[in-house]
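K.L.:
As a plain string of letters, each chain reads:
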Amino acid sequence: MYARILGFAAVATCLAMPVFAAVTLGDAAGSYTISPAGSSIRFSIGKLGGGGFDGAFARFKGSIRIDNSDVGRSRVNITIFPESVGTGQSRIDAFLRSDAVFDAANNPEIQFRSTSVKRTGETSALVTGRLTARGKTFPEKFTAELSGLKAGTIKFHVTGKVLRSRYGMDVGTPIYSNVVHFDMTLTGKRS
Amino acid sequence: MPALITNDTTRYGWAAIVLHWLIAAIFIGQFVLGFVMMRVSSQRTAFELIQLHKSFGFLLLGLVILRIAWRLGNAAPALPRSVGRFERRAAALVHFALYAFQLALPLSGWALVSVSMLEIPSVPFNLFVMPDLPLVESDTAESFWISTHWYLAYAGIGLVALHIAAALRHHFWLKDAVLTRMVRPSSNHEAE
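Line by line, the protein sequences are chains A and B. Residues in the first sequence are numbered from 370 upward in steps of one, following the working numbering. Residues in the second sequence are numbered from 15 upward in steps of one, following the working numbering.
Just so you know, the hints here were simulated from the structure itself, not pulled from any lab data. A couple of the hints might just be wrong.
[Stated by the list, open to error] Okay, derived cross-link-like pairs now, EDC-like style, lysine to aspartate or glutamate, Cα gap no bigger than 20 Å in a straight line:
#1 A:416 x B:133
#2 A:510 x A:491
#3 A:416 x B:146
[To be verified] Each pair of labels, with its calculated beta carbon distance range:
#4 A:446 x B:55: 52 to 58 Å
#5 A:487 x B:55: 52 to 58 Å
#6 B:56 x A:406: 35 to 41 Å
The structure displayed is predicted, hence computed values, not measured ones. We treat Cβ as the ideally placed atom computed from N, Cα and C, and that holds for glycine.
Extracted from the complex, chain B is given alone in its bound form:
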């Protein structure tokens, strides 16, 4: 039996499942870290937390690019037949928005540090110097990207909440396999 790495039209494979939960965990961690680092009183701790936030941001960007490539190059399992037309559309829209925001949020952070007059190098996990994006540095540009990063983060929290609510609804209310199929590869749900 193949190792269930890839997706097919009935189930998610391990690669998609691991990427989903890994990215989910890091994203939630980044929300928390982002809030804490802006509120901590010690400037030293703030500096270190910001560098950590940047490190995880670059890790996320890499994982998200991998995930989108995997998603485009793989089959996507169909939704249960019981799912109505409106929900199918809503799910597709929210999923598209989730992918867009997964890409836009780390990119806006990268833009933010690239245009900052402070010129603090990005050195993910102290491993290598990540070059800045080719953008013009200015305080105005930095404020713009800071706001963008914030708004995207809030929008992201909203989308994630919607996504989680939908998953829980499927599991506890509709009692289908939409949530469990993202836990382990399984095609034995009542959908097909």
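For reference, chain A alone in the conformation it holds in the complex:
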């Protein structure tokens, strides 16, 4: 009798769990193409005396592959086109595109290639990879939080900090912080 009640409770728990756990990385296995429509790559840089400026890249592409058996073997590749940077101030945009910062004419792409994905929770992972900008490559880490999964669409909120000086973009330091805060929403469509 007790066994049947326990059994029922266990079944109920199993039934109840997926409702919450429906959005887990394990269930999301598959290959996705990042859809620009539902995605954004924003950044902000602080400045001395408070405040700072925000910007976003309008053009980028990429793919997310979530491994069926082992989330740790998942991959993320993103290519950003720095020419598409926008801050709301055309003079700042021109400055960022110039050889003072991105040198977009000679370095049209910023690339991120993941090297490891480590689960840190039911819906979160630490993504480590190699970031290449202006011909320089360094390991960087980003935190990815699964924020939506339905009918072939997956959505992540990705945050991370990058030191721009490493990529030959230290202009303006220390007036403008060396730390660039990234805040991205990446929506993938199953491909």
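We have chain A already, so just place chain B on it with the hints.
P.N.:
Okay, now just chain B, sitting in the frame of chain A:
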């Protein structure tokens, strides 16, 4: 003997002399820097030169305020007796204009960066954040102050040229001590 720091009615003291040449050197440097920074092709170099120009501008403003306070609180040496009435008036006028422009030029630069929509902080020599003047930011206001700063710079170059020409005239033509008394404290000129 006192260290000849202060002025008296016959000579300039070291404080006035050092301030004069220090400000002169920085002002001429600022003219050159101002022209170069607007013409250099590298945006990075331009940014860095502009920040340097701002740093020296704030240094100048501080020195000029000190200098004006020193000038008002000190005796001014008299001009040689040989100097005529018209030249006395012209000298007084040009000196007044020089002081006004020394103050107005850095202030107009400060106004320019204060109203710019770019909101680039002023951090003289990366030492501290200089607050902006309480002016309303807009592209129109920025263009206005940029033009003002330019016109004042041109006017300043004109005044400095006039001032230098007058000093050289005194030294080489009139052969009086008007120039040398600004080189070191000396009251043994033929004026008195």
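K.L.:
Decide, hint by hint, whether the structure agrees.
P.N.:
The hints, checked one at a time:
1. A:416 x B:133: holds, 10 Å
2. A:510 x A:491: Answer holds: residue 510 of chain A to residue 491 of chain A is near 19 Å, not above 20 Å.
3. A:416 x B:146: holds, 14 Å
4. A:446 x B:55: 52 to 58 Å: violated, 35 Å
5. A:487 x B:55: 52 to 58 Å: violated, 46 Å
6. B:56 x A:406: 35 to 41 Å: Given range 35 to 41 Å: holds, Cβ gap about 37 Å.
In this structure, the hints that do not hold are numbers 4, 5, in rising order.
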